[in-house]
Structure formats: structure tokens, C-alpha cells
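If you read the protein sequences in the order shown, they are chains A and F. Heads up, the first sequence is in the working numbering, so the first residue is 1 and it goes up one at a time. Heads up, the second sequence is in the working numbering, so the first residue is 1001 and it goes up one at a time.
Please note that a few of the clues may not be correct.
[Unchecked claim] The calculated lysine-lysine pairs, modelled on DSSO-like cross-linking and capped at a C-alpha distance of 27 Å, are:
1. Lys1037(F) to Lys328(A)
2. Lys1133(F) to Lys1328(F)
3. Lys1037(F) to Lys1198(F)
4. Lys1198(F) to Lys202(A)
5. Lys1133(F) to Lys1097(F)
6. Lys1365(F) to Lys328(A)
7. Lys1097(F) to Lys328(A)
8. Lys1328(F) to Lys198(A)
[As the list claims (entries may be wrong)] One side of the interface only, derived from the structure: several residues of chain A facing chain F at Cβ under 10 Å:
9. Arg75
10. Met239
11. Ile306
12. Val314
13. Ser324
14. Leu369
No lab work stands behind these hints, which were simulated from the structure alone. For each residue, glycine too, the CB sits at the ideal point set by N, CA and C.
One-letter residues, chain by chain:
Protein chains: 2
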Amino acid sequence: MGARAEFGPFRQEGWRRRAFPLELAPLSFRLPPMIPKTLQWTDDGLELLDQTLLPLEEQRLLCRTPEDVARAIKRLVVRGAPAIGVAAAYGVCLAAKNDPATVPEAIAVLSRSRPTAVNLFWALERMRRCYEKNGGDLERLVEEASFIEQEDAQRCRRIGEAGAALLPDSAVILTHCHAGALATAGEGTALSILYAAKRMGKSLRVFADETRPLLQGARITAWELDRAGIDVTLITDNMAAAVMRDFGVTSVIVGADRIALNGDTANKIGTYGLAVLANYHGIPFYVAAPLSTFDRTAADGSAIPIEERDPEEVRAPRGTRFASPDTKVYNPAFDVTPADLITALVTDAGVIAPNRGEISKLLDKEPTLVGVNRDI
Amino acid sequence: MGARAEFGPFRQEGWRRRAFPLELAPLSFRLPPMIPKTLQWTDDGLELLDQTLLPLEEQRLLCRTPEDVARAIKRLVVRGAPAIGVAAAYGVCLAAKNDPATVPEAIAVLSRSRPTAVNLFWALERMRRCYEKNGGDLERLVEEASFIEQEDAQRCRRIGEAGAALLPDSAVILTHCHAGALATAGEGTALSILYAAKRMGKSLRVFADETRPLLQGARITAWELDRAGIDVTLITDNMAAAVMRDFGVTSVIVGADRIALNGDTANKIGTYGLAVLANYHGIPFYVAAPLSTFDRTAADGSAIPIEERDPEEVRAPRGTRFASPDTKVYNPAFDVTPADLITALVTDAGVIAPNRGEISKLLDKEPTLVGVNRDI
């Protein structure tokens, strides 16, 4: 596939379109329109934009098996908690397409791709239930995966609108990692707030942490915001404190990989430090996430598994060596921000305070989280 | 020059050795012994270890003119505030060696190499006075530069001893940038404290911030501490908060590039954030610096010029591109930590609180800072 190939709307004829509680967002809808889709289910398999190559190249990777998808998740070809969930759901469809008897094993393989983002397990659980109910019926499985995808786009839009209302008319935002369109199947979580604010006519200036070691901020956030015509300045992570103080930052907005019942939030490494700095400077610290990122089984942050990754990501990014191969390294991909440092959680069901009471109330009303059978 | 060539002691016969208040440290003394010298004055010129090539290569660069030295300072071939001062002093000697009439111009050129580290201006002022008194007498100028060099090694040793007394017997240190031997003409400032603590038999574990964008922590600190046999773990800058919380960090120790009269301290970008994090976690935050790093003419941190450097250092370190060349970047090389976040200043004249009263008292007693004529 060449760079920036256009993806059309749903090309799979014959799928039964079910009545669905959320308003469907058209698949080809993407604001800003200049950003390629994160993924696309096709006749040949699951196409993923290869995010490891950004910003220098826009190439797609075609996955034909669930193992392909698991590897792609592990390598961060596709990344961002919501996007991981959607990709895994389609990974299950690939298993069904190849041989329906392999679906349970595919779910197991995909569940081991990365441990922290709970959306992965949430999506696989939905696919597991669908399989349980319908067996290897490919159409039904693809439909479920497509619902997960479309809902995610809708959740992103709602997060955007809820969060944009919180921003001043002239906002200076600091963000971390990449919680934009390519982290989801829609407009993003943290960045969706910026897109909605822009539509509302608010003025925006963004500072983006480059986000070592894998530089999602430098490679993806800066690139996406540039494409969207939003004023973005790239900084190294260690500049955040000085920038908060010297540039009148009004809001710090980040995404999340897993939110515990008490509001403790696991997100890209460095988020915890940002939260401390934001609080020190009296700047509101917002976590933007869909309800699929909440984990009812985690009472607090200590229950969230923190992935550790290859030390060479720190020593030699992209093969350019900065530190000797013998140098000891610590490389946790996430950290946990305690709820008391979070001003508010911006979700697709509204803005809430980060505490057990409000979170439980919201989760109780989320159909995909309580196993309520939809009309299947 | 090959890797790790040994530098012998003073090879310049015939220099008049003056009585000098500070005890001379032998030039070849270096703990740990496995670390090459930062610089060496030779018959051919000023040899500098090229720190831009670390840790992969140990090569020396020979400077024959003051312009060579200014360029080397600008490029960070030699870096670290004390080392910059010593190098500049010898840069003046190169001018005298080539043509004594060019000394004033050389001082001007060197003074423009980098704006933040005050040791540069302190050293050039001493050379200027020496020239004023003795004209183009090369011997006297080289002697003055060598005094600056030897004093610096002595100052490092005193900082080390003063600071080591502050550490617990079992210390977990977090440090930033590189404030070790190669930042000075001796054992370093922040790292000298670790070397002294090690000699005292204290147990040490160090976490070193890699320190984007130029990665002095990854390339030089981690390498130097490994050579010294001190347990060091390299982390990305954004991991500092999680490490402070999860690894029982007992002390944060950093160097400095310029300290104002009220104790506000300019140091490598990211220091301010670390100070906020340290305070949040109740961890002592120490700034280690010789008196040559203090600036009597700066009432507070707002008077300290902050160098901004090439944006490509952020976008494409070592030519490996992470962000598009069009991406806007902010690249300040330093930030200012307010005195109220600093637990103590560890200087070669003892440990003091970061306030105007204590600082003034110390500076009043420092001979090289009040223009008191030594017996020349």
C-alpha cells in the first residue's frame, strides 16, 4: 500500500446491521480528514497503519492471522489502549476466518500480547461471549468487532465534547505520549478534546512531550496535530516543568491505559511526574478515557500490571546507540498516577471526579461492562 | 590519539611554581583511575577528550587556537561548567602562544561560546587580569590557567567530602545530566560526592536520568559510573517520579551552571522538574557546585541567561530523525530551580543553605571572586 491510501466506508456487503444503542458514526468519518485510519478490516485481512514508521513513512501492514495481530500489538505497530482493543477484536475474526476451532486459542494468544491496557481484555471478552453464543459464525464475529470499532469512534467524539467544555477559550495544553486519532478507532481521547475545542472556536496552543523511550509524542502526536492544523511545539519530557511555569499552561490532558475503581490511573511512563508537576503549578490535570479503559476488578493502582520492555529501547532507539549495551536500564512502559492528583476523568459518559463512588455509578450503566446480553 | 591514552603529570618544565593557598592536587590524580582526563595542555596545544563521541569512542581533539576552543565549547566537545572555564583559560594561552596581541580578542571570542555557565566568565576574568598585569607573558598565563585547573580538582575533592557526609550509609541517588569527572578538571561535583561516599565505605545505588536532548546522562554519567564500579541504572527522564516513589531514593544530587546570589540555580533542563518531584516525595535535593559557579551579579534566577540550542537536537539526535523537520520545537538547555526547592548547596567551602546571607558570606571569603591581588 502506498502512503496515505484512502480507506472507503464499509466494504463488506451482506452484514446484518443490528439495532445498536449508540448512534453509529460513519467509518470514514475522521476529523481531521488528513489522518489515515488506524486500521481497516478488508477481504484480505486486517490492515494496520504501521505506527513504528511514523512520521517518516506511512505504510500499512496486513495481518492474516491472530498471531500477526499479537505481534503487531507487541511491536507497537498498532498502539493506544482503545486501538489495541479494536485490533484484537479483528484478530479474533481472522482466527474464525481461517478455522473457527482456533478462536479460543487466538483469544489466549492475543491476551498475552501486552499486559497493561485493559481495553484489550475488555474487547476479547466481548468477542469470547459472541463466539460462545454463535460459534464460529464469521459474520457475527466481524459484526461484533465492527461494533467495537464504531462505538470507539463514538466514544471518542463524546469524550471530545465533554472535555472541550472544560477548557478556557484560549487554552495552552500540555500533553504526553499520543492519545489521538491513531490511538483509537476515532478521533482520539485526549486529542479528541482538542479537536472538539477547535470546532467550538477555542484558541489552542499545545506543547507535546516527546515521550521517551519510544517517542510517541515526537513521532505521532506532533505529526497528527500538525496535520490537524493545531499549533504544537515539541519538547523533551524534562522540559515540562519549565514550560508549565513559563508558558501559562492552562490544562494538562492525557489518555489512559487502565483506570482502577478508585481512579488511580496507569498511563504512559512519565504521566505520574506530570501530575505532580501540574498540581504544584495549580494546573488542572485531566485524564481522558472511554469506559472500556476502566477495570472494575482493580480496586486501586497497585493491582495494575506494569509492562517492562526491552532495555535497548532506552539505550539504542531505532538502532542508534547512546548508551553502552552493558549499561543497566529500567524500562517500565507505564506508571500509576494516584487519583488524588487527578482533577477529573473525562469519559464518553461524562466528566466525573476520580473516586470509587462516581466511577462505580458510571460503570453500572455501561452495557458492555456488565455482560447484559444485547439483542443477539 | 588512541583510546584511553594515559596523560602524565605536568610536562612543562621551568614554570615558576607559586605558593598558593590551596593544596595542589597532582594532575594525574584521578579517582576513578579508569577515566581519561577531560583536557591536557601540551606542547602542541590544548587536547580535549571529545565528549560528543562518548560512550562509543574515546578520541581527543587538538585545539591550536582560541577559536578552536570556542567551537569545541559550543559543540559540547568539552562541557560541564567547571571544565568550560578551564578550557577557556587555556584557550587564552593559545592566543598568547600564537600572538600575544590577540589575547583580548580571544577572550571576547571565548566569552561568546556559550552564555549560561558563569565559570566561563569567571575564568576569563582571571586570565584577563593576569594579562593586564603581565602582558603576553606565556609562562604566566599558562601558570594561571594551570592554577585554575588544579584548584578545580581541589574544589571537586572538597565538594565530594562535604557532600558525602550528608548521605546515609546506604544511599539511593538520583542524578541528572553529567556532573562528574568529565564536567570538571577533577572528580566532578555531584559525582565527586559519590566517589567520596564510596571511599567512606557507604553503599550506593544510582539512577541516572538519560537527560535529553543531548543525553549526557546516558552517554557520560552511566559510562563514568560504570567505569568507577558504582551501581548505576539508566532511566529516561520521565521515569524519575516513579523511581523516586518505588525505589526508596534517599537523595537527589545535581550540579549547576550558575547560582544566583539568592540561591536560585540554573542547571541542565529538567533540573527544576526534579526539584519539584523531590520535594513532593520528601527527598533532599542537593546542588553541588564550586564557588566559581556562583554569580554575585545575579540577584536571582531571572538574571541568568538561558541558552537555547538547535531544534534538530530534539528532532533528530545524532542524525536519527524522530520528528519531522517542520515540527516546531522548544530547546532551552537549562532551567532555573528556585532556592526554596533546594535543601542545601554543597560547595568547596562547605555545605550552606541556599540564601543570600550564607552565600554572600562564603563568596566574601573566596579570593578569586573579589579581585584581591594574589602575590603575582
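Here is how each hint holds up against the structure:
no.: 1; hint: Lys1037(F) to Lys328(A); result: holds (24 Å)
no.: 2; hint: Lys1133(F) to Lys1328(F); result: violated (49 Å)
no.: 3; hint: Lys1037(F) to Lys1198(F); result: holds (21 Å)
no.: 4; hint: Lys1198(F) to Lys202(A); result: violated (56 Å)
no.: 5; hint: Lys1133(F) to Lys1097(F); result: holds (17 Å)
no.: 6; hint: Lys1365(F) to Lys328(A); result: violated (43 Å)
no.: 7; hint: Lys1097(F) to Lys328(A); result: violated (45 Å)
no.: 8; hint: Lys1328(F) to Lys198(A); result: holds (19 Å)
no.: 9; hint: Arg75; result: violated (17 Å)
no.: 10; hint: Met239; result: holds (6 Å)
no.: 11; hint: Ile306; result: holds (9 Å)
no.: 12; hint: Val314; result: holds (6 Å)
no.: 13; hint: Ser324; result: holds (5 Å)
no.: 14; hint: Leu369; result: violated (29 Å)
Violated hints, in rising order: 2, 4, 6, 7, 9 and 14; the structure is consistent with all others.
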